[in-house]
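Protein chains in written order, with the working numbering: chain A, 1 to 167; chain B, 1 to 173.
Please keep in mind that the hints were generated in silico from the structure rather than gathered at the bench. There may be inaccurate statements among the hints.
So, partial list: chain A residues that the calculated Cβ filter (under 10 Å) puts toward chain B [stated by the list, open to error]: (1) SER39; (2) GLU88; (3) ASP91; (4) PRO129; (5) GLY131.
Computed list of lysine to any residue pairs in SDA-like fashion (alpha-carbon distance at most 25 Å, straight line) [unchecked claim]: (6) LYS20/A to VAL17/B; (7) LYS83/B to VAL33/B; (8) LYS83/B to LEU101/A.
For glycine and all other residues, C-beta sits at the position ideal for the given N, C-alpha and C.
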Amino acid sequence: MQSAALAHGKKVVQYLNQKKREITYTVIGTSLATFFITSRIATTAVVTGQSMTPTFNKNSSKSRVLIELMTPVTKVKPNDIVLAHDPEETDAYIVKRVTALAGQFVDVDENCPGTYVRKYAYEGKLSVPSGYCWVEGDNKTNSQDSREFGPIPLGLIKGRVLYTLWS
Amino acid sequence: MWKTRVTRFLECSKWFVGGGVLSILFYDNVGYVHTVRGKSMAPTLNPGPTRALLREQVWLSKLPYKPRVGDIVVFRSPKHGSKLAMKRVAAIGGETIVPSKVMKSGGGPVTMKPGYVWVELDNRDTAGRDSNEYGQLHEKMIIGKVTWLLWPGLEYKISGRLSSHFRLNDKTG
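If we strip away everything but chain B, and leave its shape as in the complex, we get (with noise of 0.2 Å):
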């Protein structure tokens, strides 16, 4: 009598166990939502309230692709390994750039090491670390590409539109 039940539980736990294995799939190889924290991409993203309806969700590709200028990449920060953070990349690697904090207190341009990016945050009104504090960035580090904004309002391309603030200059000072 319990041959049956049991047989009957494992029939039916393949479902969710297959279910399981897929969704984590889905999350390390297409791609999920990802909730944006802190200030350092306004006004393009925005944390808002602490309320969860109202913060905003961006969709996070984990296809492959590779880095290029403009893009609001999530990578793991190299300060604390664990932790995420969310940057646009302003060169990558091979291009020459002059970073922002050079251009306030002086410092000249630097050339970006093959496989290493740059990445700086758009809003220059807070206080975030950026490659501004601890260099270039090795590609592998970063995790995906946010391509979507999802909540509020749906907007695609957000990655690729350079905000004002933000200048690439590539060898003149």
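Bound-form chain A, shown alone (with noise of 0.2 Å):
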């Protein structure tokens, strides 16, 4: 009698075990596949500043948005907006929408306060060398962009902004 209740206690014991153990996979299992998704695939990120009005951050300050990682840096057409390492700051990240691409020409107003277009254009224009792409804010009176610290390298683009999750 006593060893038919000992007998059940044990069963209860494995199958509580089982049930850690596969709770554990799954937690391993889940963590795993979200880091390959976010690290591969598509990600999201909070947009700040108002740098790129009105296409985000129109009436608020922050903007939850989609990127996928996907896509080569050798697809990348003008008008896409990316998300790039920010070349002025080592562990930042901006959000811009590609302009130009390598060879083509950037078409440079003579009132642009940017410090590199003043330094670099000619005639109204500056080339895009190969390798490299120019990205500007929409809003442009309120942007640190290319008009700023030149064209950034197509290997700092991490990936492109599908659409806005929430603002």
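Once you've looked at the hints, go ahead and assemble the two chains, each given alone in its own frame, into the complex.
Encoded structure:
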């Protein structure tokens, strides 16, 4: 009689241990899958600042956007909005629109305040060197972009912004 | 009948999918075997004859780290966004260097912006591109560091061994 109770108790413990194992595997598996997806396939990010209004942050100071990480940099086209490493601050990122690719010319406004533009524009035009692209924020009056720091190498681009999830 | 087949297929395929994901995660975050192409890092690293077995293979570590002078790094080429290049770090952010082309043709020392490095090739007899051509390289273009020479022979820490052609000057010309 006592041994029957003991046997039952052992089975309960075994069952609980198995459930614990299953939960651990599920947690580990889900974490790895999430890490894989957010590093290679798509991820979200919060866009702050006003340099991309009215596209982002028209009525707020932060929006969360969906970013895809799978396009190779050679397929980036003008008018794509990209997430890239900030050329001026190593651990920061920038969200800007690509306006010109390598080999194309950028028309610059004579009254443009950008440091790079003032230094290198010739007769109102700038050419983008091979391997680089020109990025600008949609809010031309309030954006630190290629007009300030020059074209950015394609290798700094991490992915393209698809759409806003919520503001 | 097909239901059990489908279930069994899913049961088996989870191992393949799991293994694939783990391999890719390893490739992205730990490292992989990389083939040396180009003569720019000779004699330390050589491309060798074109027959596959004799090409030099190195271990490219992708563990997070900060670039240091003397490291051989692999980075996305500033000239061709999709191609990789392998060169040695000559100076890191904050340091001043007299680039090797300056030593030949004049000019001044260059101070690295924070977050940028200067890379140079070891082999002066090659027409390779390095920072002498495309300027300072943004740290985030670097995808990994070469730590081992795997084939032929096995050598650890080839990064850090400065070749005899390589000179670092920090302020005086």
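Item to complete: Sort out which numbered hints this structure fails and list those numbers smallest first.
Response: none
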